[in-house]
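*Asks:* These protein sequence lines map, in sequence, to chains U and H. Using UniProt numbering, the first residue of the first sequence is number 1, and each one after it goes up by one. Using UniProt numbering, the first residue of the second sequence is number 1, and each one after it goes up by one.
Note that these hints are calculated values from the structure, not bench results. No residue lacks a Cβ here, since even glycine has one placed at the ideal position from N, Cα and C. Incorrect hints may have been included.
[Said to hold, decoys possible] What follows is a list of derived Cβ distance ranges for each label pair:
| hint | chain 1 | residue 1 | chain 2 | residue 2 | range |
| --- | --- | --- | --- | --- | --- |
| 1 | H | S113 | U | L337 | 18 to 28 Å |
| 2 | U | S275 | H | S61 | 37 to 47 Å |
| 3 | U | P231 | H | E243 | 34 to 44 Å |
| 4 | U | A33 | H | D132 | 52 to 62 Å |
| 5 | U | G312 | H | S113 | 31 to 41 Å |
| 6 | H | S113 | U | V412 | 25 to 35 Å |
| 7 | H | L68 | U | L218 | 37 to 47 Å |
| 8 | U | L218 | H | V218 | 21 to 31 Å |
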Amino acid sequence: MGQDQAITGSDPRLTAGEAALARRELRRHKLIALLLVVPLLLFLLFAFVAPIATMLYRGFNNPAVAQLIPGTLQRLVPWDGTGIPDRAVLTRMALDLRRLAKIRRSGKLAEELNRHLPGASSVVKSTARKLRRKSETELEQKGADLLLAANSLWSKPAIWQAVKKAGQVYTDTYYLTAMDLERTFAGDIQTRQSGQIYVKLYTKTLRMALIITLMCLLLGYPLAYFLANAPPKTANMLMIFVLLPFWTSLLVRTTAWIALLQTNGVINSFLTAASIVTDPLEMLYTEFSTVVAMTHILLPFMILPLYSVMKGIDPSYMRAAMSMGARPLSAFVSVYLPNTMPGLSAGALLVFIISVGYYITPALVGGTKGQMISNIIAFHMQQSNNWGLAAALGTLLLVLILTLYWLYDRFVGAANIKLG
Amino acid sequence: MAADRVDGYLRFRNVKKSYDQKTLVVKDFNLELAKGEFLTLLGPSGSGKTTVLMMMAGFESVTSGDILLDGNPITRTAPYKRNIGMVFQNYALFPHMSIAENLAYPLKVRKKSKAEIAERVQRYLDLIELGDFGNRTPGQLSGGQRQRVALARALIFGPSLVLMDEPLGALDKKLREQMQLEISRLHQKLGFTVIYVTHDQGEALTMSDRIAVFDRGVVQQCAAPDVLYEQPANAFVADFIGENNFLPGVVTRREGDWVRVRISGGGEIEARCADCGDVGSDCLISVRPEKLFIEEAGHDYDNRFGALLKTRLYVGDFIRYFFELDDGTEVVVKVLNDHAAPELSMSEKSLLLSRRRDCFAFARK
Ligand SMILES: Nc1ncnc2c1ncn2[C@@H]1O[C@H](COP(=O)(O)OP(=O)(O)O)[C@@H](O)[C@H]1O
Ligand SMILES: [Mg+2]
């Protein structure tokens with residue numbers, strides 16, 4: 001009888017009412033799930049998506065000059081870039097300079113123009129100072145002559161080209177500069193005449209990040225292996241040493257390296273005292289010091305994913321391989337290494353990406369030789385006040401990292417990554 | 001049968017092992033194996049079985065003593081030179097390789113030609129009836145299938161000795177029985193020598209030529225399954241293999257192999273002396289539940305003693321009766337569920353009977 005019941009009751013289809021109930025239940029679950037992640041989504045939107053979007057926008061957007069001298073720029077539109085613009089433009093410029101001098105904003109204009117035409121800054125400032133003393137009516141009548149008389153640069157097309165370029169609200173100048181390129185007035189793109197800085201710096205940053213990653217791998221892999229195979233008590237204690245850097249301030253750790261590496265530092269004192277070298281080695285403020293300090297700081301990021309993956313690798317794999325006749329090295333390469341790949345990729349990617357964008361350590365121990373791209377970005381934000389260029393450099397860095405990640409996914413597979 | 005064709009193909013001579021330089025995990029291990037023999041190391045968990053196997057394979061050092069394979073000492077030979085097949089409890093199939101690549105691994109290491117590898121891999125895939133599964137990864141196979149692959153991988157390079165460490169431990173009961181048959185079939189077909197480790201006595205009894213019962217690093221008895229079951233050498237073996245009743249007592253008379261024992265539950269029992277002491281020493285009598293009978297008329301039994309029925313357990317094909325002696329010792333009697341199964345009332349004294357050749361006397365420590 002029980003069997004009969006089982007057969008009649010085994011129709012798996014839901015009635016319409018049951019289906020509606022099931023759907024409502026499902027919707028409720030989805031709503032709860034959504035509510036749980038909403039705070040994170042909002043946080044990400046404000047703390048991550050919005051700043052990055054702003055940065056991207058700033059790299060293109062440059063309203064400063066357009067706001068400072070709108071009248072001049074408007075009259076400059078028909079000018080074709082040859083000879084001196086007509087008198088109406090010159091007069092307007094003279095009036096704009098006087099107005100800016102009065103409200104103490106001529107310095108800003110000088111700074112902006114100087115980026116397009118080195119040397120323009122002092123001319124703009126001195127001219128503005130001279131014109132400030134004139135009255136507005138005087139300038140309206142003979143402003144053009146006074147401007148030309150103030151400095152010979154005003155009679156050259158170069159300054160007017162610079163004014164026109166700087167006056168564009170939307171510009172690719174920053175991105176071109178970030179790639180060591182520039183646009184001629186005619187509109188062609190060429191390599192920048194005034195020096196190659198950023199491409200070199202990107203290459204250097206990538207090279208240093210690569211060296212740091214390799215160093216972390218070389219130091220971290222054997223240690224992670226040892227930790228994963230040590231008795232739990234030993235492993236726990238050593239793990240504390242690995243994590244110790246996380247519990248001390250980054251600044252303290254970095255300055256400790258200064259104490260070690262400087263000319264009169266611990267290492268040099270030891271080397272000279274032991275007569276290994278006669279003159280102290282120059283170690284601080286070099287690429288070497290940046291690489292050493294950053295390897296030290298980023299090592300845990302390599303060890304942790306490696307350790308977690310190695311922990312899960314059964315020791316019998318190696319034994320099985322050897323019982324089948326493989327020598328230890330060959331067993332390691334053909335069996336152990338491939339199985340640590342997820343942790344290895346995760347660690348390497350983590351260290352590489354973090355070090356490409358690292359700022360504090362190279363700033364403190366790197367000097368000028370050990371600088372990386374983020375130090376230049378910081379420089380443009382804090383000292384040269386060129387936020388547009390800083391944004392463009394930052395965006396390029398982002399694009400670079402995304403490209404590398406994409407390449408990595410192409411050839412290694414991101415699904416392989418295991419962080420813990 | 002295997003017991004008398006021991007020719008010392010594999011010999012353990014006074015092998016000892018200590019991990020911590022203080023205590024011996026394996027104490028004076030001696031064993032000889034004939035070529036083609038199926039020997040099982042049977043013992044409770046932690047008794048040192050794996051340790052013996054690991055020393056055999058070369059993954060653990062031998063603290064003292066020698067292991068000889070075909071007359072040559074291999075104690076100091078590197079594991080990869082020993083040419084011993086090994087099956088691990090968790091299979092140890094390489095997860096990043098397909099089944100076919102797993103099988104090909106030992107052949108590739110031996111630099112066999114591509115054609116030979118392909119041919120052999122297919123032959124062994126067919127042998128374990130997984131002919132079409134070469135391209136799958138270990139993760140896509142069921143437990144039993146993985147076990148068969150592990151077995152094939154340990155055999156494919158033709159080792160003459162194969163070690164198996166609880167290879168069926170992770171399988172459910174039905175699959176385990178199936179795999180036991182499978183391993184026996186391959187063993188008979190290919191004729192390799194096996195050292196098989198298990199803590200499952202049923203497995204040991206059905207598969208082995210000989211069984212070495214292991215406890216606390218010492219071989220308690222090494223014999224064919226029927227000998228082990230019917231003539232245990234000491235109380236540990238009697239207890240570990242199968243089910244047994246133990247009755248404490250004192251030896252009152254001794255004549256060669258036979259002793260008379262006064263059991264503390266009341267009565268005298270004649271038994272075969274396994275490792276019992278002289279007259280006056282404490283001993284344990286063992287008698288299996290199926291070798292005990294409840295009082296019947298017209299039968300001639302050597303031993304008889306009174307007991308009180310406590311519980312009756314209906315199992316199906318047989319019935320278990322739980323009796324209690326005067327001193328509180330519990331005695332189990334197993335009776336086939338046929339028409340002769342006696343109808344007993346509770347709390348009524350019955351007489352239990354046994355033959356003297358089914359009773360064994362052991363030293364009581
Ligand atoms: N690598 C090791 N280091 C220290 N002690 C071990 C090691 N391997 C096993 N032992 C100890 O040796 C004893 C026997 O272990 P093992 O050979 O694994 O027993 P079995 O396989 O019979 O369960 C156990 O007490 C275990 O704790
Ligand atoms: Mg074991």
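*Asks:* Compare the structure with each hint and give your call.
*Replies:* To see whether the hints hold, each was checked on the structure:
Separation of H:S113 from U:L337 is about 26 Å and conforms to the stated range, judged on CB atoms against 18 to 28 Å. Checked against the given bound of 37 to 47 Å, the beta carbons of U:S275 and H:S61, roughly 45 Å apart, stay inside it. With their beta carbons about 39 Å apart, U:P231 and H:E243 fall inside the hinted range of 34 to 44 Å. Restraint check, U:A33 to H:D132: a C-beta distance of roughly 42 Å breaks the suggested window 52 to 62 Å.
A C-beta distance of roughly 36 Å is found between U:G312 and H:S113, which places it inside the suggested range of 31 to 41 Å. Judged by the Cβ atoms, the range 25 to 35 Å given for H:S113 and U:V412 holds: they are separated by roughly 32 Å. The supplied range of 37 to 47 Å is met by H:L68 and U:L218, whose beta-carbon atoms lie about 43 Å from each other. The beta-carbon spacing between U:L218 and H:V218, approximately 48 Å, falls outside the hinted interval of 21 to 31 Å.
Checked against the numbered hints given earlier, this structure breaks hints 4, 8; the rest are met.
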